[in-house]
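From just these sequences and the hints, can you work out the full model?
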Amino acid sequence: MPGDTGRATGRISSLDRDDGRVTIDHGPFEGIAMGAMTMSFALMGDVELTDLSEGDDVIFQVKRGRDGSHRIMEICSIPANGPGCPDLETLHRDIPPGP
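Using numbering that gives the first Met the number 0, you'd call the opening residue of the sequence shown number 0 and step up by one each time.
Read the hints as simulated data drawn from the structure, not as lab findings. We put the beta carbon where it would ideally sit given N, CA and C, even for glycine. Certain hints may be false.
Simulated restraints on C-beta separations [unchecked claim]:
hint, residue 1, residue 2, range
1, G81, D17, 25 to 31 Å
2, A32, G83, 24 to 30 Å
3, M38, G2, 16 to 22 Å
4, T49, G2, 26 to 32 Å
5, T37, D66, 18 to 24 Å
Encoded structure:
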């Protein structure tokens, strides 16, 4: 049975820093039943978008809220952080680490 949290990799399509939303063209998630698609996500807590740009490859974790929507709990730029991103080595090996 799928859980409430999942991780995936994807590419940022757009950022809305004012509203705290990011649209990601992502692959299938591990941990939740969500396939590949392009989707807009709201952010949870103190998640920052300041170091992210459109076109960045990212690894991110979402959590399903009481309203059923998924919000980003954690997001990391693969090119900027490479192996420093959480679970990069084990999740979606098809995206190469950054420099």
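Comparing the hints with the structure gives:
{"no.": "1", "hint": "G81 / D17: 25 to 31 Å", "verdict": "29 Å, holds"}
{"no.": "2", "hint": "A32 / G83: 24 to 30 Å", "verdict": "29 Å, holds"}
{"no.": "3", "hint": "M38 / G2: 16 to 22 Å", "verdict": "18 Å, holds"}
{"no.": "4", "hint": "T49 / G2: 26 to 32 Å", "verdict": "29 Å, holds"}
{"no.": "5", "hint": "T37 / D66: 18 to 24 Å", "verdict": "21 Å, holds"}
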